[in-house]
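Enquirer: Each protein sequence line maps, in turn, to chains A and B.
Taken in order, the first sequence gives residues 1 to 201; the numbers are from the numbering used here.
Taken in order, the second sequence gives residues 1 to 243; the numbers are from the numbering used here.
You may find that some hints are simply not true.
So, partial list: chain A residues that the calculated Cβ filter (under 10 Å) puts toward chain B [what the hints assert, rightly or not]:
| hint | residue |
| --- | --- |
| 1 | GLY23 |
| 2 | GLU117 |
| 3 | ASN118 |
| 4 | THR148 |
| 5 | GLU150 |
| 6 | ASP152 |
| 7 | ALA155 |
| 8 | GLN188 |
Keep in mind that the hints were calculated from the coordinates and are not lab data.
Note that beta-carbon positions come from the ideal geometry of N, C-alpha and C, so glycine has one too.
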Amino acid sequence: MAVTEQGVLGEVLQELARLPGIGPKSAERIAHFLLAGDRSRAKALADVLQRAVERIHQCRECFNLTDQELCPICQDPKRDGSVLCVVETPRDVSAFERIGRYRGRYHVLGGRLAPLENVGPERLTLDALLQRVQRGGVREVILATSPTLEGDGTALYVANLLRPTGVAITRLARGLPTGGSLELANPQMLADALEGRRTFH
Amino acid sequence: MAAEAAIGLVIGGSDWSESSRIVTLFTREWGKVRALAKGGRRLRSNFEIAFDLLTVCRVMVIRKSQSGLDLLTEARVEERFSVLRRRLAALYVGYYMAELLTEGTQEYDPHPALFDRAVAQLRALEQGMAPLQVASEFELAWLAELGYRPRVDACAVCGGRAEGEVLWSPSAAGMVCRHCRAEARGAVRLTSASWQWLQAQSSGQPAGNLTSWPADLRAALSLTVTHVLGRRPKMLRYVDGPS
Ligand SMILES: [Zn+2]
Ligand SMILES: [Zn+2]
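Produce the complete structure using the sequences and hints provided.
Expert: Printed below as a string of structure tokens:
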């Protein structure tokens, strides 16, 4: 089903349908919701989007999204600057922040190394990461790229890049999900869990 | 419509929605296939990890008769290659093979021998074969499968015996004699070690492992692949380094 409306309404539908997870049907529902009644929702949305586009950019230090020069995490003196968690996207930062357990800082790569999709090392914030580590004060870098082949390849690349600096490099553990059962775990999960086992206290 | 079974190597994929992926498989049965995996992004599912790049998996596919995507209904990991996660050079060669499989063949154009060769080369990587040797062997197999089996017994242009200096012509996909070298522009001069390796490879004999990967041999093969494909594969700058 394609967007058939003409004019400005058609443009609205088309833009909405381009958003992730929004098909033509949902686009139509959203558009009619926004344009019904006094339209204050639509105005508020347009206004905040306008400000977001103008003001949100990458943090100078970690490349997370922020409307300041330094993001709140980089500004926070209580965060431990000696530990850097390297992630692919700002969404990954949000995921870690939601669990509220990590007290170090981040470095957002801006994607993963995917040469087949024309994402080479030059497209990622790798130079900036190397410079951050070379400046000193960082004792551990946690590689938190996704557990896919491309994510692992990215981690491998970053590890090779940082090795000469002597910084400690760790990779997120993977394996059994909490609450799962051994029986139902797939063979790869079991193998990963075995490989990533640690001393039991 | 009934689902059909196949075994395939994952050579590409992209997110389709928050929960689904489009997966490109190089199947033994049908060649290249693009299919929708609903729920293929659910973390921790068996289904999802089967679609990680360069995984060999068994799948069930519902083939659409008209336009529209084929549907993947089941997937199970058959074989994974951990060397790709440990050595960048191995990973790049794995990506390179995926690129050649993607770019060199059409959808539903079966090449079972090429599938077998790709899996064999991934196993060879796993067993520690030099990544550039794995790449070179695969290039030769890929060229042969696409109808460019390199000519190594005689001049690829005139069919005459080639003596003395051995020249390799990327555009003729083979060696050329002294008389034809003028026609074969951009020919690469091969050392006798490279030459012997090529001859052994094409006669199906164990070619042995060269200790270091000669630049002339890499140039000859990569330029031939580039000629056949009509452009330089993007993974070559990772496999061979910048040129
Ligand atoms: Zn920051
Ligand atoms: Zn000739």
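Enquirer: Each hint should be assessed against the structure and marked as holding or not.
Expert: Going through the hints against the structure:
For GLY23(A), the interface hint holds, the least distance from its beta-carbon to any beta-carbon of chain B being 9 Å, beneath 10 Å. At about 8 Å, the closest approach between the beta carbon of GLU117(A) and any beta carbon in chain B falls short of 10 Å, and the interface hint on this residue holds. At about 7 Å, the closest approach between the beta carbon of ASN118(A) and any beta carbon in chain B falls short of 10 Å, and the interface hint on this residue holds. The interface hint given for THR148(A) is met, as the beta carbon of that residue sits about 5 Å from the closest beta carbon of chain B, less than 10 Å.
Interface hint at GLU150(A): satisfied, since its Cβ lies 7 Å from the closest Cβ of chain B, which is below the 10 Å cut-off. Interface hint at ASP152(A): satisfied, since its Cβ lies 4 Å from the closest Cβ of chain B, which is below the 10 Å cut-off. The beta carbon of ALA155(A) comes within 8 Å of a beta carbon in chain B, closer than 10 Å, and the hint placing it at the interface holds. At about 6 Å, the closest approach between the beta carbon of GLN188(A) and any beta carbon in chain B falls short of 10 Å, and the interface hint on this residue holds.
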